[in-house]
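Here is what each chain is made of, one letter per residue.
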Amino acid sequence: GQSLEQPSEVTAVEGAIVQINCTYQTSGFYGLSWYQQHDGGAPTFLSYNALDGLEETGRFSSFLSRSDSYGYLLLQELQMKDSASYFCAVRRDSNYQLIWGAGTKLIIKP
Amino acid sequence: EAQVTQNPRYLITVTGKKLTVTCSQNMNHEYMSWYRQDPGLGLRQIYYSMNVEVTDKGDVPEGYKVSRKEKRNFPLILESPSPNQTSLYFCASSLSAVFHNSGANVLTFGAGSRLTVL
Chain A
1 GQSLEQPSEV TAVEGAIVQI NCTYQTSGFY GLSWYQQHDG GAPTFLSYNA
51 LDGLEETGRF SSFLSRSDSY GYLLLQELQM KDSASYFCAV RRDSNYQLIW
101 GAGTKLIIKP
Chain B
1 EAQVTQNPRY LITVTGKKLT VTCSQNMNHE YMSWYRQDPG LGLRQIYYSM
51 NVEVTDKGDV PEGYKVSRKE KRNFPLILES PSPNQTSLYF CASSLSAVFH
101 NSGANVLTFG AGSRLTVL
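Protein chains in written order, with this note's numbering: chain A, 1 to 110; chain B, 1 to 118.
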């Protein structure tokens, strides 16, 4: 089968750093995306990794290891507004077929 | 403002009563897609469209229909809704589905449509 595994919930303290992991098993792989979704809101794009390595965008970074079928999202200098669910998604073919993880709820404490 | 607009945002209906959820984008995007989101399951793709008059099934197409007669619109049709279609639905679009296009891998989502079928 095809699956993405990510923790269901992560708790961190304001100002800290947190890493959300994602491991995948899919029939094809073009790249790994990360989306943020606040309660009651729509998913919003954070990052996309097609090649191995670290991509940095402000406080957020995303990493991919294709050989390990693994990626992570790193959030630094956590702010209360970062409290949300974070989804990883694999693009598995050229037709933009995406498979999504179940999401990680990030809880930030003051 | 660049956006994806879905309507209705909330709908309660009864089993068997046909309904349509509209989706419109003003960004001249080629690619459009419908997802449903259920607790603990993430997002699952229902149908997608690579361009006008080109549509294809996603992972959970049963009970749904779509059409893409114009580039900006991609309605989702439930011909005979059933309670297991109670869900939160999202429409999304992307500049292109072509892999090497830099805009291909950024999906813009609508605000969502919460559907309850009794």
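A portion of the hints provided could be inaccurate.
[Stated by the list, open to error] The calculated label-pair distances, taken between Cβ atoms and stated as ranges, are: (1) A/V13 <-> B/N51: 39 to 49 Å; (2) A/G41 <-> B/K57: 23 to 33 Å; (3) B/N51 <-> A/E5: 31 to 41 Å.
[What the hints assert, rightly or not] Coverage of chain B stretches by chain A, computed from C-beta distances (three or more under 8 Å per stretch; other residues unrestricted): (4) 18-26; (5) 49-55.
Since the hints were made in silico from the structure, they are not lab data.
These numbers were taken from a predicted model, which means no experiment stands behind them.
Note that beta-carbon positions come from the ideal geometry of N, C-alpha and C, so glycine has one too.
Against the structure, the hints:
1. A/V13 <-> B/N51: 39 to 49 Å: 47 Å, holds
2. A/G41 <-> B/K57: 23 to 33 Å: Roughly 27 Å apart at Cβ, these two residues keep to the hinted range, so it holds.
3. B/N51 <-> A/E5: 31 to 41 Å: Cβ of B/N51 to Cβ of A/E5: about 34 Å, so the range 31 to 41 Å holds.
4. 18-26: violated (count 0)
5. 49-55: It is violated: at least three residues are needed, and the stretch 49-55 of chain B offers just 1 whose Cβ sits closer than 8 Å to chain A.
Violated hints, in rising order: 4 and 5; the structure is consistent with all others.
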